[in-house]
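*Asks:* Below are the chains, spelled out letter by letter.
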Amino acid sequence: MKVLSLGYILLNPIGGFVLELRSVYKHFSGIPAVDDVSFSARAGEVTGYLGPNGSGKSTTMKMITGLIEMTAGHILFQGKPIQDDLIAYKRRMGYVPEEPYLYNHLSGAEYLMMVAQLRDLPAKQSSERIDGLLRLLSLYDDRHASISGYSKGMRQKVLIAAALLHNPELVLLDEPFSGLDVGSALVLRSLIQELAARGKVVLFSSHELATVERVCSRVVILHKGKIVADDSIERLRSLMELPTLEAIFSQLAVEQDTKSMARQIADLIHA
Amino acid sequence: MRKLVEFLPLQVRILYRQFLLRVIDLEALSIQADIPRFLGQFASILIFISLVGAIGLLSSEAATATPETYLSFAWRGEQALIAGMMLVVGLIAVIRWDSTFPDRRDVMVLSPLPVAAHTILMAKVAASSALLGLAILTLNFATGLAWPLLIGSHHDSIWGFFQSFAAYWFTMIAASLFIYGSVLTVQGFTALLLPRRLFLRLSAILQIVAFALVLGVYFLQPSITAPAAMALPENQRGLAWLPSFWFFGLFNQLNGSLPVALGWLARRAWIGIGVVVFGATASLFLCYLRTMKKTVEEPDLVPGARGWHWTPRFGSALQTAIVLFSVRSLTRSRQHRVIFAFYLAGVLGFALSCLRDTPSTAAVSPLSTGFLVSTFMMMTLAVAGLRSVFSLPISLTANWVWRLTQLRPSEKYVDATRRSLLLLAVIPVWFISASLSLSFRPLHQVAAHLAVLAVVGWIFVELSLIGLYKVPFTCSYLPGKVHVQVMLWVFLFLLLILAMSTVEFELPSLNDPFRYICMIAILGAGALGVWTFNRHRAKSAVLYFEELPPDVITTLGLFAVRPSTTEIDMANPHQRSH
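Chains as they are written, first to last, in our numbering: chain S, 39 to 309; chain L, 23 to 600.
Keep in mind that the hints were calculated from the coordinates and are not lab data.
The beta carbon of each residue, even a glycine, is placed where N, CA and C say it ideally should be.
Errors might be hidden in some of the hints.
[To be verified] Chain L is faced by these chain S residues, among others (derived, beta-carbon under 7 Å):
hint	residue
1	L105
2	I106
3	T109
4	I125
5	K128
6	R129
7	Y139
8	Y141
9	H143
10	M152
11	L156
12	R157
13	D158
Extracted from the complex, chain S is given alone in its bound form (with noise of 0.2 Å):
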């Protein structure tokens, strides 16, 4: 039998999934882009990972699916490192990466169908997870369509629907919420809260700071590739003396004073 770390056991003691990185770095020739990361993510609970552009939020996603390697530190998944067992880790993960880069010559349906097969789903399965998933996100009627021609917001609902189809019990979901119309972002809202409710691990990174605070439980806030906060929003909240996390997120992550900025750009355009 294997020895689970003491971390996981201190962290999960009923038990259920858990995401944790310790220690984690990512040095692009020599510039770190993260440094020194750690944090959990729980299962039940969604976990909210913030940061402003170029803080390192993406790059650490792409080291917890395993697209990147991290120069060091170690990423694990109920105890274990992901690296021992990258294949079955994979099995069990989903991911919404920040870009909508799909197979353009492909048509929606086509391309659930070949990532279930690649995932290894039976075909019955695949066939009536994929019809009821375009159905509920409203793509079936253009199921059949090239997706060269689906809007952004498309392209983002069939990425949900991939990241979903195999029932992960991992959820990775980067910037899910860009290019989807208000009535589609209000069900991917409650359907990341209906995921963690069924005992999933939900990471969750987005700037829509109103919706984080809505869906999070606990928040993650990276600033130059380092944790400025690591907490849950109604105890940084209390800590920090401020209403909201917009507020929180101003102080520990921005460092532009926004209004000048902003009249600098008019200025200079205006010159």
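Put chain L on the given structure of chain S with help from the hints.
*Replies:* Only chain L this time, still in chain S's reference frame:
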């Protein structure tokens, strides 16, 4: 050419360069695809062909033989040169296909900018003309001088050379314009007459049909080398439909060597040029006036084909996914389709030459050497073409899905790629060969050859899988690989020679059971050996999605440049003390 371009307005010049470089789609090929170098290689291949042709012409004894043999030589040469020119320009026209017309990407990118439609049209026409000019100039680089020299030497004065020279170049330019213009006219009017969605679907089919037509006409057209044969009514009916003979008539008319009875051929050429120039100009103008608006107005979402969507299975889920992805990428990506069509052109050429070899009577006719060589070459070209096109990615940014779903060992992916090669290259060629060989007798000989062909196809597939640890259409492509493509064609040429000598062994073996069994056993053992080797290697292989240049150790060359201390001491004994 550069000086000519400088006369164009600045906007046209900027767009011209962009459109010229779009001979190959940069987005799909490589981030650093070196298109100017590719154009250089294309030009050098045509120059090489021209040089070989010119040397052949100049060393020909027929040029100095009797008037009868000279006429036969001259007519055969003229027909071959004009047909070759029309083939090359026809292939360029098919490859560039709709790039002279406005496409959605151009409209969406350029419409918000202050660029007029006629500026885009001018830039596109300039880019097409530049490419066409490059092809005409390079393909006739040496023959354009050698042929007028040969023909001109039969004139009475030095002006004869200049007349032949002018006639040659005018004919080549006119023949090229005719072919290119015909493609533009057909496409332009189809775009104007049909609803846009229907046109987009039909365009892909038209492109393949045009490809087959250009090659079919080239390979099947006769060579008529005597005035008497040309005057025969049954030949005249055929000649009336073969544009290369119209331009053959035009050349002789301009050269002053056309028999009066063949004046109608030259007349057809003049009418053809007139119709095509008018048709191409009108269709281009109308397209830019009408289609650009249509492109903007059409909805973003084009509905897919309705009805029954059958998804066949090709083995396991992974194998099915990879085979279907390969089929869809090949059939739906214009760029991949066109590159593969280049190889298919060779397959078609050999298939047509098989048809020529096929006996028309019911009498017993054994398999011929030409037929056997053609079937082997078809198989080689199909496998090599598919292997080459598999290496070109369709969308690098979308590859993350393969990495994320890589849940099985690499050997399973290699198995799936093998299945794709067998299904898309070996099986179709085998069936084509089988259907072409049905009229040969005895049938047991045909069956024996088809068995050999199947094993040879398997060997080619296994050979092409060596080191191929990637999913088809997903790995990035290095620009330097163009050299590999050139090497591939050299290899195919050598293979043709090898196939010819192998067939000399195969043909008697088909009638000798012992020899045949030995031959098939050796081939089978070879195929099994490479298959085992590939399976063994694939077990420990890692799939890759990015082609990286090999590591090169760069030395500073200090030891090579710096003289040794002994040398320093010898040259200047006091140097070390400074």
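*Asks:* The structure should be examined with respect to each hint, and the outcome stated for every one.
*Replies:* Tested hints:
no.	hint	verdict
1	L105	holds (6 Å)
2	I106	violated (10 Å)
3	T109	violated (19 Å)
4	I125	holds (5 Å)
5	K128	holds (6 Å)
6	R129	holds (6 Å)
7	Y139	holds (4 Å)
8	Y141	holds (5 Å)
9	H143	holds (4 Å)
10	M152	holds (5 Å)
11	L156	holds (4 Å)
12	R157	holds (6 Å)
13	D158	holds (5 Å)
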